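K.L.:
Letter by letter, the chains look like this.
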Amino acid sequence: MRSSKTWIYYGGSLLLLFGAVLLGLMSSSVTISPGTIAGIVQSRLLGQPLPEGIPQSEASIIWEIRLPRVILAMLVGACLALAGAAFQGLLRNPLADPYTIGVSSGASLGAVCVIFFQWTFLGAFTLPLTAVAGGFVSLLLVFSLVRLSSRSMAIETIILAGIILSAFIGSIISLIISLGSQDEMTQIIYWLYGSVAMRGWSYVTLSLPFAVLGAVLLLSRTRDLNAMALGEEAAGHVGVSVQRGKVLILTGASLLTGAAVAVSGTIGFVGLVIPHLVRLVTGPDHRHVLPVSMVIGGAFLITADVAARTLIAPQELPIGVITALIGAPLFAFLLVQRRIGKGREG
Amino acid sequence: MMELQGLSGGYGSRQVISDVTLHVPDGSFFGLLGPNGSGKTTLFKLISGSLVPTAGSASLHGKPLSTMKPVERARHLAVLSQETSVSFDFTAEEIIQLGRYAFQTGLFKQLRAEDRQVMEDVMVLTRTTEFRNRPFYQLSGGEKQRVLLAKALVQEPEVLLLDEPTNHLDIRHTFDMLDMLKQWQKERKLTIIAILHDINTAALYCDRMALLSEGKIVEEGSVDLLRNPERLAEVYEVETWPQAHPVVPRPQLVMTPKNRGAERGPLLDSYSLEQSSGAIVLSFDRPLRSISNGVAGEGIQWMTHFANFHVDKQYQSRTPEEDVRRWIESRNLPAAQSIGMMTAVFLERAIVRETNVHGIPMLAVVTAGTGNAVDITSKEAAAPAAGAGTINMFLFADVHLSDGGLVNASMSAVEAKVKALADHGITDAASGTAATGTSTDSIVFAASQRGRRSAYAGSGTPLGRAIGQSVYEAVTAALQLEKEAGR
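Residue numbers (numbering that gives the first Met the number 0), protein chains in the order written: chain S, 0 to 345; chain V, 0 to 486.
No wet-lab data here; the hints were simulated from the structure.
Incorrect hints may have been included.
[Claimed, not checked] Here are the in silico distance ranges between beta carbons for each label pair:
#  : chain 1 : residue 1 : chain 2 : residue 2 : range
1  : S       : S219      : V       : D223      : 50 to 56 Å
2  : S       : S240      : V       : G26       : 28 to 34 Å
3  : V       : R171      : S       : Y9        : 42 to 48 Å
4  : V       : D223      : S       : V215      : 56 to 62 Å
5  : V       : E129      : S       : I7        : 26 to 32 Å
6  : S       : S143      : V       : R171      : 20 to 26 Å
7  : S       : S143      : V       : E238      : 48 to 54 Å
8  : S       : G18       : V       : E129      : 38 to 44 Å
9  : V       : R171      : S       : G18       : 54 to 60 Å
10 : S       : F120      : V       : T104      : 43 to 49 Å
11 : V       : T255      : S       : S240      : 45 to 51 Å
12 : V       : H22       : S       : S219      : 38 to 44 Å
Bear in mind the structure is a predicted one, so any value in this text is a computation, not a measurement.
Positions of the beta carbon are idealized from the N, C-alpha and C atoms, including for glycine.
With the hints as extra help, turn the sequences into a complete structure.
P.N.:
Structure follows, in structure tokens:
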């Protein structure tokens, strides 16, 4: 049985996350030692004055800039990886992309609208709420498209409908971009690349409620996801409430995707590659794949962000470029390896 | 008791199943038969909850299954489908464990000792223990199906629905799986409702069955409903012949292809005769439906070659059938289509006689030795002894007979033989009474199966008369030759 090994997965992945957080806090234009970081975090959390010998400027860098950035990266990475693992489990396809369902395209469109039209009707929450709402609307559109074409909400139809909607939304975003001024165009395109830079604590608090809600929804349905590996009908035969489970899983995953897209733009391949790598180590049991993916996804995006801000310092790369540069070849490799090594169906 | 009451339903506005009412007794193996598209799988989906009935209900012990939550339903009802693909690299045991989904309760939904015990028991029965840790996708088709069966059985269902569970399996794995199910059915009083593709397999395993056609039950009852070729022809549009399984008291169907080939010419134009001191071999250009007690090729068969081998008076063998088969093969005759007998009578004294009584063409080939003549009715009848004492009769008629007709024809032939022996004054050496035959007589009656089919060949029919006269003359002539030679 694999249960004896599970503590290694969790311990190992948490260790990786801790290392990534530390790396994210330490490295940048000014390197700050772990001891100093610990002192700063401790004082801020407990509301104490700064320990002796720690300059106020370093405290500001850690607390105002790096820590929110690291935590936001962790949050986004965790959200995307968890949503990806859930979509893959539900769609019964380890190569499925959480973006193919159309949720992230809808969330992007929502965010692009907020930026372009400078909507502020919901105050600071306008951006994440509109993104989540955009994700939901596209999910509803996909669902109704599927319901119109087949009664059973078959998995293949969902992917197809998601692709149709993504293509349509992509063209609307392109239209909006081309209608805008040079300045707006740059801003939107840069946002679309994805970034966790210069967001601050406010963005963390914006996305956290959605992330927590989505994670709770998904982590409570892991047994359903395992049963879905047999196909929806057979999952129903062992006692899964298939329709209900499916709606909850899709809702949770789209909450997570919306929460991530709203604060960081479109960062690809995290939700695709991380669950896949995790599955290679933990095996396919979703009771482990989901939580471990969540932790590893967080660690991965923190590390990718470190690379984004240090590779061509003092300039920064969009983080979406880093994840795509790492993720796409790795994904291609996995794809080819599957074919050559095992020659079996998903 | 599983009960379907006026169950109707289908896909969208298309109603596939209409007003199906069935009672499935507890602990029975219930077969659901019907041609493709008759709605078997749809009916299963209506029972298992995959489809919602538009009218009527399927209920277990009076409780409609459609009102149960999936979790509750899964504790009563399990389903094994014809083909299930499993995504990801789940191991066999992880798949089987999914069957306990509905039993895991509490906050953390962990497997308990009880769950593990059920899984171990089922894995032993389904022989899946040996590959429990192998990924499902690596297993063979038969092993996969055993794993899925195990997954269904760990649900500890009262009712198990099988949707063509053996569709992709060869006959070994098919019987293996059905034997397993039968065992579980008996041990656990499991009710099995099965869609089985193969009617003959269904006939062997089902206690009761129903025949579905165009979404309606047209027949329901014991497996004997298969003995209704007219009904089966209506439903399947195939000609079927119910036959008896030789060992199991169940019917088996044989099917007739529409194109049976061209009608052949007269029987007596179609054979060749080779006669030597070693053997008489009759070869026909077509298989004949033969009933025989010959040493090789006994029973009712389709045969083309008929051989009578000469053996020495002292011939003794523990394996006469093997010997005859060897002789058949040494003459390059197809063993599967040859009947072989043996006799110590010199084959030059064989009688070969074509007759045409009542317009029925017949051929009789008879060798007769009376050294072992026995009165089967006498208490003092002679014990079997060595000697040239066998009457072998090869009878061929250009007629079409049912199996009963073949039996009837051999009866007529034997009656004529007994009369010939009596008229010839052959007696039982021990009792001194009239002999009825010898201790080792053999017969083959072969029909060309041309013309009108008949079940009658007794003394009341022209065919019976023709057989009687033909056999009487041939046996008499053979006895005469033997008597003259003996002088």
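K.L.:
With reference to the structure, classify each hint as holding or not holding.
P.N.:
Hints, verified against the model:
1. Checked against the hint of 50 to 56 Å, the C-beta distance between S:S219 and V:D223 comes to roughly 53 Å, which is consistent with it.
2. Checked against the hint of 28 to 34 Å, the C-beta distance between S:S240 and V:G26 comes to roughly 30 Å, which is consistent with it.
3. Range check, V:R171 to S:Y9: about 45 Å between beta-carbon atoms, so the 42 to 48 Å window is met.
4. Taking the beta carbon of each, V:D223 and S:V215 are about 59 Å apart, inside 56 to 62 Å as hinted.
5. Hint check: V:E129 to S:I7, Cβ distance near 27 Å, so the stated range 26 to 32 Å holds.
6. The hinted range of 20 to 26 Å is not satisfied by S:S143 and V:R171, whose Cβ atoms lie roughly 49 Å apart.
7. Separation of S:S143 from V:E238 is about 51 Å and conforms to the stated range, judged on CB atoms against 48 to 54 Å.
8. Take S:G18 and V:E129: their Cβ atoms lie about 42 Å apart, and the range 38 to 44 Å holds.
9. Hint check: V:R171 to S:G18, Cβ distance near 56 Å, so the stated range 54 to 60 Å holds.
10. About 46 Å separates the C-beta atoms of S:F120 and V:T104, a value consistent with the hinted range of 43 to 49 Å.
11. At roughly 50 Å, the beta carbons of V:T255 and S:S240 sit within the given window of 45 to 51 Å.
12. Between V:H22 and S:S219 the Cβ separation comes to about 41 Å, which falls inside the hinted range of 38 to 44 Å.
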